[in-house]
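Chains as they are written, first to last, in my numbering: chain A, 711 to 1067; chain B, 711 to 1067.
One or more hints might be untrue.
Claimed, not checked - Result set (EDC-like, lysine to aspartate or glutamate): computed pairs, CA atoms no more than 16 Å apart in a straight line: (1) K1029/B to E932/A; (2) K753/A to D724/A; (3) K1029/A to E932/B; (4) K745/B to E1026/A.
The set of hints was computed from the structure by calculation and includes no laboratory data.
Number of protein chains: 2
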Amino acid sequence: MSMNPIKTIEWVADRKGHLLPGYIRLVDQTRLPGKLVFLEIRKLPPLWRAIKNLQVRGAPAIGIAAALGVAAAVQNSRAATGAALAAQAERAADYLATSRPTAVNLFWALTRMRRCARAGQRLVPSELKMRLLREALAILNEDIAMCRAIGRHGARLLKNGQTVLTHCNAGGLATSQFGTALAPVYLAREQGKRLKVYADETRPLLQGARLTAWELMRAGIEVTLICDNMAAQVMKERRIDLVMVGADRIAANGDSANKIGTYGLAMLAKAHRIPFYVLAPSSTFDLKLATGAAIPIEERGADEITQGFGKRTAPENVKVYAPAFDVTPARLITAIICERGILKPPFGRAIKMALAN
Amino acid sequence: MSMNPIKTIEWVADRKGHLLPGYIRLVDQTRLPGKLVFLEIRKLPPLWRAIKNLQVRGAPAIGIAAALGVAAAVQNSRAATGAALAAQAERAADYLATSRPTAVNLFWALTRMRRCARAGQRLVPSELKMRLLREALAILNEDIAMCRAIGRHGARLLKNGQTVLTHCNAGGLATSQFGTALAPVYLAREQGKRLKVYADETRPLLQGARLTAWELMRAGIEVTLICDNMAAQVMKERRIDLVMVGADRIAANGDSANKIGTYGLAMLAKAHRIPFYVLAPSSTFDLKLATGAAIPIEERGADEITQGFGKRTAPENVKVYAPAFDVTPARLITAIICERGILKPPFGRAIKMALAN
Chain A
711 MSMNPIKTIE WVADRKGHLL PGYIRLVDQT RLPGKLVFLE IRKLPPLWRA
761 IKNLQVRGAP AIGIAAALGV AAAVQNSRAA TGAALAAQAE RAADYLATSR
811 PTAVNLFWAL TRMRRCARAG QRLVPSELKM RLLREALAIL NEDIAMCRAI
861 GRHGARLLKN GQTVLTHCNA GGLATSQFGT ALAPVYLARE QGKRLKVYAD
911 ETRPLLQGAR LTAWELMRAG IEVTLICDNM AAQVMKERRI DLVMVGADRI
961 AANGDSANKI GTYGLAMLAK AHRIPFYVLA PSSTFDLKLA TGAAIPIEER
1011 GADEITQGFG KRTAPENVKV YAPAFDVTPA RLITAIICER GILKPPFGRA
1061 IKMALAN
Chain B
711 MSMNPIKTIE WVADRKGHLL PGYIRLVDQT RLPGKLVFLE IRKLPPLWRA
761 IKNLQVRGAP AIGIAAALGV AAAVQNSRAA TGAALAAQAE RAADYLATSR
811 PTAVNLFWAL TRMRRCARAG QRLVPSELKM RLLREALAIL NEDIAMCRAI
861 GRHGARLLKN GQTVLTHCNA GGLATSQFGT ALAPVYLARE QGKRLKVYAD
911 ETRPLLQGAR LTAWELMRAG IEVTLICDNM AAQVMKERRI DLVMVGADRI
961 AANGDSANKI GTYGLAMLAK AHRIPFYVLA PSSTFDLKLA TGAAIPIEER
1011 GADEITQGFG KRTAPENVKV YAPAFDVTPA RLITAIICER GILKPPFGRA
1061 IKMALAN
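Construct the complete structure from the given sequences, taking the supplied hints into account.
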């Protein structure tokens, strides 16, 4: 029996054998790593706040939460007609869309829910309620299948006893359960391989220390935490066999945007002849962008660096530069793994073929 | 008029025109960057505590503080003979040696003070008191001269308008005043050049954020704080003209040990074709070590990483790897600057010649 990673988000039925009524069960990520607290959400406002306040984070997880949120919002509606219920569902979707204004997966999931509502206007309300929940659960299950597929492909790259270095959190906590960059580690373990992970703490927000280390420990996988600036030394000491990271956006030529620090890590991996893999769903490919040069780099506030943990650690009014992402050029990437397979250079062709399938 | 960096440590005479009695004036570095607090120390126990508790830190600064501490310890002695006073001074030195058991400069400075005491046993006590203070002030002044010499040599590498990236704090706060890695910036400014600095925050202990950013701001030099993992991106954006770092120990072939993260930074500089300079006093060369492979890497406690910000930021009992230093191989170093000049590769020969002068 394998120890699966924690379910970040799921739908729990109140009565056995009936999906409705029920509630959304979320890991409150703002309480990690100190405490594992589950939120039980049955209504719209607390879900909006959970997304807004980063209690649920990670693009796929946010999308799933929002879809389930639409279903939860109307589950106790007394609407007399399907059309009235559909209108309520659309309003719920509009409201949730205001929670994190830049989250692509959020809008994508809400669009699917709106379409489902409109298509079911002629149904009786109880049937439409169930149709909406099933659509949200489909989004959840597709995410699980996507993560497991990335994991299966990626696990082929992992040999028993190897050690993976990862950056930030592209783990189960960012998705429904298995994550992207960490999925191969979980799947390889299911296959009986023993693997170790080094996790960069990932300044400024320490997702590696707070989330990646936590979810791997909880799943019984050996993880060692390091500061970002220790990665080169750890590579030099031959502690790392390969690097696996996620991606936020991948250009047509394979240039990959991810959390700040990824680009430097890729350079260090290259210099130490360590394979460097990017793992992400195929929805991350953005063929409108010819190269990574077209990817805008978001800048974050100074406070995350100067007083990230409730305590001032830099002088008042110090000038800060805080790019939130960087772009790793395709030439530093050994392979890109998506749910459709392992893509190898030249990436331009491989990405086009993968998306065409 | 130039704005000099702050005097980290000095001797202040109580009465004008007389060096004795007086006190040691120290910047309390544990209060930075929040508050600039000076300690006024006239006796042995508070000086011992100041060293122990890192209120004064940085190898050269610790050595100077200890030497002045021996002079301060005996300044009000009622010893009847020079021999009795010398014995008191030696006991003071023995006591101070227990404050930071691994600080090489501390032992070196105390050995000089003991020698001075023994050589002055025949003097009347008041003369020996003055002799001891002058020896301590000589150590202080030699440090200032050494830092200024490193600064002068290093400043030749800096052109008006350029930007320097530095790591950790090898600035004025680690020495009497001008520092090593930062000395060229201060000296170039005296020469009328305008320079900018990017400072890595330097996890886990954040010396870059807390100390380097503070001392440069206070001296009126434009400084921008970044997280360690942003250095590669900052280089890619061509914001950096050269890198200047300190060193704790340099092997006969030029391999240089310094704060963790320096090695990775050197690799990134190389990959971006940015010159990488190591600046340190010639006392840092250790010819007994053929290469950096012989330099032991100290490992630090997990707490600095898991709760470095006064708050737990990683799971309880998470495994941590925390090398405190790394070794930058000579091939990644453009030049080593010591008080005797700019040493260029091949370093083996250049170091030998510099020490022979």
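Cross-check of the supplied hints:
no., hint, verdict
1, K1029/B to E932/A, "holds, 8 Å"
2, K753/A to D724/A, "holds, 14 Å"
3, K1029/A to E932/B, "holds, 8 Å"
4, K745/B to E1026/A, "holds, 10 Å"
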